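Q: For the protein sequence lines, the chains are A and B, in the order given. Residue -17 is where the first sequence starts when you use the numbering used here, and the numbers rise one by one after that. Residue -17 is where the second sequence starts when you use the numbering used here, and the numbers rise one by one after that.
Think of the hints as simulated: they come from the structure by calculation, not from any bench. The reader is advised that the hints may include incorrect statements.
The list treats identical chains as interchangeable, and a pair is accepted whether it falls inside one copy or across any two copies.
When the alpha-carbon atoms are kept at most 27 Å apart in a straight line, the in silico DSS-like pairs for lysine-lysine are as follows [stated by the list, open to error]:
no.	residue 1	residue 2
1	K128	K15
2	K47	K98
3	K47	K128
4	K98	K15
5	K8	K98
6	K47	K15
7	K128	K98
Note that the structure is a prediction, hence the values are computed from the model and not measured.
These are the residues of each chain, in order.
There are 2 protein chains.
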Amino acid sequence: MSITTENPRTNGVDVATLFATLDAVKGQPEIAKFQFRATNEWLGGTHSRSRYSGFYGAMQEMEHKHVTEVESDHPAVLVGQDEAPTPVEYLLHGIAACLTAGIANVAAARGVELTKVSSTVEGDIDLLGILGLSGGSVRNGYQGIKVTFHVEGDADDATLRAIVEQSRRRSAVYDALTQPTPVSIEVTTG
Amino acid sequence: MSITTENPRTNGVDVATLFATLDAVKGQPEIAKFQFRATNEWLGGTHSRSRYSGFYGAMQEMEHKHVTEVESDHPAVLVGQDEAPTPVEYLLHGIAACLTAGIANVAAARGVELTKVSSTVEGDIDLLGILGLSGGSVRNGYQGIKVTFHVEGDADDATLRAIVEQSRRRSAVYDALTQPTPVSIEVTTG
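Kindly generate the complete structure, drawing on both the sequences and the hints.
A: Here it is as structure tokens:
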């Protein structure tokens, strides 16, 4: 599926190609099997850097247009050097960005022109869990994440809310957080 | 808790301050209640940008040393512009960075000097879910995430593996992914 600049765009979304992609996947479901990847290097202390370049999808190895690197550290109050956001903060970007992309796609498919989508994400976490000080009564992860969207466009309140709700129903990150995701860990030592 | 440069560091971790922080939290558990935050702005199509600056912790509003911005987009094969990694790829950084920080902290607390920690993370996802083409039989999120660590240091294989395992047990992101995390979504329209 290649993007053509001739197609009209709604919200920056090429709706004709989006529907054509859906038809292509219906005809050949193997296209939909993807594997995303990151590599991470420890930089010292609680500081590390990840790199994204390639992924597998549409039955082939693919490369992102740009290589992207992101870093994490712990804040000084947690005895890190605060060189970058904490690992858990990246989950907040993930949920906001996934829902926002979905809102743009769903709105475009429904013929709604958006003029603004912004959000704030808050994640509450009690560090008694990860510090091992709760006797197991406090979980390690977020106790809850709250996403607050502000959406503007050429549709009424109910229509815009329905678009957000449809995005939630189709969101990969919403599902990854709210339903258990199996994580396996393998180790080699040198 | 302030970091002093006089304390010796193991793996870049100030172990004395780490243990002092644990003691401080034991004495006043309110210190451990944190809220992390991100704000996100839609840039058009499936492209958006998040910003991290402040957070709440240790009973006060705090600012990161640097403001960090990260972006996401969908790849061209999914009718995006591939300006940045997908939202789901940020989960892969999150799990790698969280486990890596924990490995450095746990190793330091156990007196093990590490010389290398690297990892690759792979997340398998079948897009039939988010495309709404599976009739509900395929989940939207990752079907599984696999983290492969390579760890080197002045300890034997079993000791290094035990450090990784302890990091997993105390990992916020591992818990956030493998156990259900409540996510609430609120909407205002303009």
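Q: Checking an output row: K47 and K15, CA cutoff 27 Å. Within, between, both or neither?
A: Cα proximity of K47 and K15: one copy only (20 Å, versus 40 Å across).
Q: With identical chains treated as interchangeable, where does the CA-CA distance between K98 and K15 reach 27 Å or less: within a copy, between copies, both, or neither?
A: This pair counts as neither: shortest intra-copy Cα distance 32 Å, inter-copy 33 Å.
Q: Can you give me the call for K8 and K98, within, between, both or neither, at a CA distance of at most 27 Å?
A: neither (32 Å within a copy, 45 Å between copies)
Q: Could you figure out if K128 and K15 sit no more than 27 Å apart (CA to CA) within one copy, between two copies, both or neither?
A: between (30 Å within a copy, 16 Å between copies)
Q: With 27 Å as the alpha-carbon cut-off, assign the pair K47 and K98 to within, between, both or neither.
A: Result: close within a single copy only, 26 Å intra versus 29 Å inter.
Q: Could you place K47 and K128 in one of the four classes (within, between, both, neither) given a Cα distance threshold of 27 Å?
A: between (32 Å within a copy, 24 Å between copies)
Q: Checking an output row: K128 and K98, CA cutoff 27 Å. Within, between, both or neither?
A: Answer is within: at 20 Å inside a copy they meet the 27 Å cutoff, but 36 Å across does not.
Checked against the numbered hints given earlier, this structure breaks hints 4 and 5; the rest are met.
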